[in-house]
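> When you get a sec, could you build the whole thing from the sequences and use the hints?
The C-terminal position of the sequence shown is numbered 616 in full-length UniProt numbering, with every residue numbered one higher than the one before it.
These are computed hints drawn from the structure, not numbers from a lab. Where is the CB? At the ideal position from N, CA and C, for every residue including glycine. Errors might be hidden in some of the hints.
Said to hold, decoys possible - So the derived label-pair ranges between C-beta atoms look like this: (1) S549 x R211: 46 to 56 Å; (2) L130 x P213: 41 to 51 Å; (3) S549 x A383: 40 to 50 Å; (4) N563 x N123: 47 to 57 Å; (5) G488 x P213: 37 to 47 Å; (6) P213 x F516: 46 to 56 Å; (7) R384 x A589: 28 to 38 Å; (8) K521 x L358: 55 to 65 Å.
Claimed, not checked - Straight-line C-alpha distance at most 25 Å; calculated DMTMM-like pairs for lysine to aspartate or glutamate: (9) K362 x E295; (10) K168 x E205; (11) K561 x D532; (12) K433 x E554; (13) K489 x E57; (14) K521 x E462; (15) K489 x E462; (16) K319 x E604; (17) K206 x D25; (18) K319 x E295; (19) K232 x D179; (20) K229 x E369; (21) K372 x E296; (22) K324 x D309; (23) K319 x D587; (24) K229 x E296; (25) K28 x D176; (26) K489 x E538; (27) K324 x E349; (28) K324 x D216; (29) K319 x E296; (30) K168 x D145; (31) K28 x D179.
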Amino acid sequence: MGKTIRLTMAQAVTHFLKAQMTVVDGKKVPIFAGVWGIFGHGNVAGIGEALYQVRNELPTLRAHNEQGMAHAAVAFAKASFRQRFMACTTSIGPGALNMVTAAGVAHVNRLPVLFLPGDVFANRIPDPVLQQIEDFNDGTVSVNDAFRCVSRYFDRITRPEQIISALKRAMQVLTDPVDCGPVTLSLCQDVQAEAYDYPESLFNEKVWTHRRPRPDTDELAAAIATLRKAEKPLIIAGGGVLYSQATAELKAFAGMHGIPVAVTQAGKSALPDDHPLCMGSIGVTGTSAANAFAEEADVILAVGTRMQDFTTGSWALFKNDNIKMIGLNTVAFDAAKRDSQPLVADAREGLTLLSEALGGWKAPAAFTETAKTRKDTWMAAVARATAPTNADLPSDAQVIGAVQRTIGGENSVLVCAAGGLPGELHKLWQAQKPGGYHMEYGFSCMGYEIAGGLGVKIARPEADVVVMVGDGSYMMMNSELSTSVMLGKKLTIIVLDNRGYGCINRLQMGTGGANFNNLLKDSMIEMMPDIDFRAHAESMGAVAVKVSSIADLETAIQNSKGNDRTSVIVIDTDPLITTKEGGHWWDVAVPEVSPRSEVNTAREAYVKARASQTIG
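Written out as structure tokens, the structure reads:
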């Protein structure tokens, strides 16, 4: 047996984490950028003390909310294209459970985060401890079991030596392009403090590199044969293009072979929006250009996308009866969806090999030339929707136009997550650089926006990070606004106040529902809330201002560039106006029986729309 070093289990964790490295842009850097920590009785004496000992090599960041700090960690990994990531530690009980929602965000979006929640006593002597739940029929249960369904790998550490294999497995999952996602190591609080003679080799520096699986020969040949027969091909680019850093290869592939490109929410910015073959967003929140190509396509090359229902228009978007789909994805589960021809490979490798094999093959010139006409038509619609206005209550689109004109340059990263803004931004925002559009729409998690913006700023300190958030999401989680000020990570936050959950109110209306419990005015209230978002943001240390027009918004954004800390700009908006151009039907089940005629009418339209869905 080799040399050993006696450490507590918690010390072993921190010494291991600081020794894990990666290479970014030719430079070796720690793969863990830091650890977010909110301490309590389940981790303060164990992990807390261990983190203090390595604070110079492995920074510990303090947040105000466990879910918020976990969202920041998720956003950091996304903004880093999964090359680097962070860990999060909490006490047992509510502190741990607060991270479960963020774990769901990471799981759906295939993003690496290491969760280190404290757990109950493994020896069970003091049971039940503060914040411990008790299952009357299972003595092994703790609240951390809630992480199992939202973790790619879960382990509960009940003996100090178990952490050796658990840490190694954690790193394999966090860095694997197929299994990539959240890892939860549930650390029993008494075991955190127990010592063990660990092999010194566990703490040797290790450099992790990005694995790039190459395609199977037969799958590659089948994909080439299908593409060569295509007369109306379309590329759908998802987040996997960005994670693979295959944006240059995508651009070259589309140009070489004359194939239009549509982008998912996660894939937007994989190709610049001003590229002549970039048709913009696809699906429910898609552009007229992208959706027109999708409806007639005979071959879809889906690169790095989960083909989620917003992308596929709930599988009613594709109208060609003879359509064939090629799923280019590192994950076989995604590559073979809906009887697609799987091409299991890294996006960069797959696109490069496909292009080499296709040689001079191009889509028919007449087909490719329609891209310009369709793009021009769509961009005219964008200009109309985002044009300046003197309206008392501007639309979300008009606010987006103002933000784009004043701070939407190459150095900006636009962050958003839920509500009506994602649909408008997907259609209208003009992304210029890879990663310049950061949307969490896999889980569509309200409250992600500000915390996510903080994570992006930590990953991209040189960028102008712009967060657009509705009043509903702002109210759900805003605490990390103060954290951004505390850490000196400047954000520009635009709060659009439509006095309620405007997006869901519109969906409610669209499915025949009465205006009920979404906008504040339609809720059970004794007094209409009059929330002063400007004063609230200012109380948390931000520079804050409320504006009353689009012109004043542009001036305020311009002025905010000179501020030395996070700036918040509040503007009232209309809850009902959306961009009518583009878009597609979305399957939201309408009641089959109702006493209300509006619902019955909506049901008839729903049944008719479902007839266009492909099944299986």
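> Each of the hints needs a verdict: does it hold here or not?
Verification of the hints:
no.	hint	result
1	S549 x R211: 46 to 56 Å	holds, 52 Å
2	L130 x P213: 41 to 51 Å	holds, 47 Å
3	S549 x A383: 40 to 50 Å	violated, 19 Å
4	N563 x N123: 47 to 57 Å	holds, 53 Å
5	G488 x P213: 37 to 47 Å	holds, 40 Å
6	P213 x F516: 46 to 56 Å	holds, 50 Å
7	R384 x A589: 28 to 38 Å	holds, 33 Å
8	K521 x L358: 55 to 65 Å	holds, 57 Å
9	K362 x E295	holds, 20 Å
10	K168 x E205	holds, 13 Å
11	K561 x D532	holds, 23 Å
12	K433 x E554	holds, 22 Å
13	K489 x E57	holds, 20 Å
14	K521 x E462	violated, 42 Å
15	K489 x E462	holds, 10 Å
16	K319 x E604	holds, 21 Å
17	K206 x D25	holds, 18 Å
18	K319 x E295	holds, 5 Å
19	K232 x D179	violated, 33 Å
20	K229 x E369	holds, 18 Å
21	K372 x E296	holds, 16 Å
22	K324 x D309	holds, 18 Å
23	K319 x D587	holds, 16 Å
24	K229 x E296	holds, 15 Å
25	K28 x D176	holds, 19 Å
26	K489 x E538	holds, 16 Å
27	K324 x E349	holds, 22 Å
28	K324 x D216	holds, 19 Å
29	K319 x E296	holds, 6 Å
30	K168 x D145	holds, 21 Å
31	K28 x D179	holds, 24 Å
Hint compliance for this structure: hints 3, 14, 19 are broken, all remaining hints hold.
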